[in-house]
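Enquirer: Residue numbers for the sequence shown follow the working numbering, beginning at 1128 and rising by one.
Do not take every clue at face value.
[Unchecked claim] Straight-line Cα separation of at most 25 Å, DSS-like style, residue types lysine-lysine; simulated pairs:
hint	residue 1	residue 2
1	Lys1357	Lys1284
2	Lys1229	Lys1207
3	Lys1159	Lys1229
4	Lys1207	Lys1284
5	Lys1145	Lys1159
6	Lys1284	Lys1304
[Said to hold, decoys possible] Label-pair ranges, simulated between beta-carbon atoms:
hint	residue 1	residue 2	range
7	Lys1131	Met1320	33 to 39 Å
8	Glu1142	Val1243	21 to 27 Å
9	Val1244	Asn1323	21 to 27 Å
10	Asn1323	Gly1245	24 to 30 Å
11	Ile1374	Asn1299	30 to 36 Å
If you are wondering where the hints come from, they were derived from the structure by calculation, not from laboratory data. Beta carbons are placed, not taken as given, at the ideal position from N, Cα and C, and that holds for glycine.
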Amino acid sequence: MNEKTTHFGFQDIPESEKAGRVRGVFGSVASKYDVMNDAMSLGIHRIWKDAMMDWLAPRAGQRLLDVAGGTGDISFRFLKRAGHGHATVLDLTEPMLVEGRKRAEAESMADSLDWVVGDAMALPFPDSSFDVYTISFGIRNVTRPQEALNEAFRVLKPGGRLMVLEFSQIPNELMQKVYDLYSFNIIPRLGQMIANDRDSYQYLVESIRQFPDQETFLGMVRQAGFENAKYRNLSMGIACLHSGWKI
1128 MNEKTTHFGF
1138 QDIPESEKAG
1148 RVRGVFGSVA
1158 SKYDVMNDAM
1168 SLGIHRIWKD
1178 AMMDWLAPRA
1188 GQRLLDVAGG
1198 TGDISFRFLK
1208 RAGHGHATVL
1218 DLTEPMLVEG
1228 RKRAEAESMA
1238 DSLDWVVGDA
1248 MALPFPDSSF
1258 DVYTISFGIR
1268 NVTRPQEALN
1278 EAFRVLKPGG
1288 RLMVLEFSQI
1298 PNELMQKVYD
1308 LYSFNIIPRL
1318 GQMIANDRDS
1328 YQYLVESIRQ
1338 FPDQETFLGM
1348 VRQAGFENAK
1358 YRNLSMGIAC
1368 LHSGWKI
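With the hints as extra help, turn the sequences into a complete structure.
Expert: Shown next, in the form of structure tokens:
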């Protein structure tokens, strides 16, 4: 029987290869990842992540699972907003977690943080373990995003909250074309200049175009079992926040 395929950027590859390729991309760029985020988005990714926290409204004592948590951006923000609580940063790529542990916030929050290498489609945690599940600019890299959403539902406690921040589609066709011109012409060049890695950033741009639009992804969130599911566009839809509750 032929193996199922999935996309890796604009390539079709066997599903079994995707995780390894994604690990290779992020292992390659880990040391420059935070600098590149600022360069690619002109710093706007920080505003998007703050908007995520505004809608999430973390509360004291909550337990967060931040999947594809990389260098800890979301977990640091969550713990600062909550006052006290606990965050588990899970990522497929260990070098990203290594970079995260080097950050000053990681040292000051060490008692409230765990760093775990793991797969979004097979989380190494019992059912009903967390109050909040976040995934920020990571779900488009998962081989089967629906399985990741199903796992999010499983590990959340009843009353728990899912929040996904991901690049999305601009509803205005002309604006989307302008953004595509920027993405395909500038971002890989920045990757070459800053991280000495054009190919990884070419993949990241292509992966954004392959990700489902806002309404399609909303349907996937609902299919996983989440209720009161909604989304909010950020920067005209360049990025989007999806929220859902396990009730």
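Enquirer: Run the distance test for Lys1145 versus Lys1159: straight-line Cα separation, threshold 25 Å.
Expert: holds, 22 Å
Enquirer: Return holds or violated for the Cβ distance of Val1244 and Asn1323 against the range 21 to 27 Å.
Expert: At 25 Å between Cβs, range holds.
Enquirer: Hint says 30 to 36 Å; check whether the CB-CB distance for Ile1374 and Asn1299 agrees.
Expert: holds, 34 Å
Enquirer: Take the C-alpha atoms of Lys1357 and Lys1284, compute the straight-line distance between them, and say whether it is at most 25 Å.
Expert: holds, 19 Å
Enquirer: Quick check on a hinted range of 24 to 30 Å for Asn1323 and Gly1245, using CB atoms only.
Expert: holds, 28 Å
Enquirer: Hinted pair, alpha-carbon criterion (25 Å max): Lys1159, Lys1229. Please report holds or violated.
Expert: The given pair, whose Cα atoms are some 13 Å apart, holds under the 25 Å limit.
Enquirer: Evaluate the given range 21 to 27 Å for the C-beta pair formed by Glu1142 and Val1243.
Expert: holds, 23 Å
Enquirer: Below or equal to 25 Å on CA atoms is what counts here, so check Lys1207 against Lys1284.
Expert: holds, 22 Å
Enquirer: If you draw a straight line from the CA of Lys1284 to the CA of Lys1304, is it 25 Å or shorter?
Expert: violated, 41 Å
Enquirer: Between Lys1131 and Met1320, does the beta-carbon spacing fit 33 to 39 Å?
Expert: holds, 37 Å
Enquirer: Can you confirm whether the C-alpha distance between Lys1229 and Lys1207 stays at or below 25 Å?
Expert: holds, 18 Å
The earlier numbered hint that this structure contradicts is number 6, and it is the only one.
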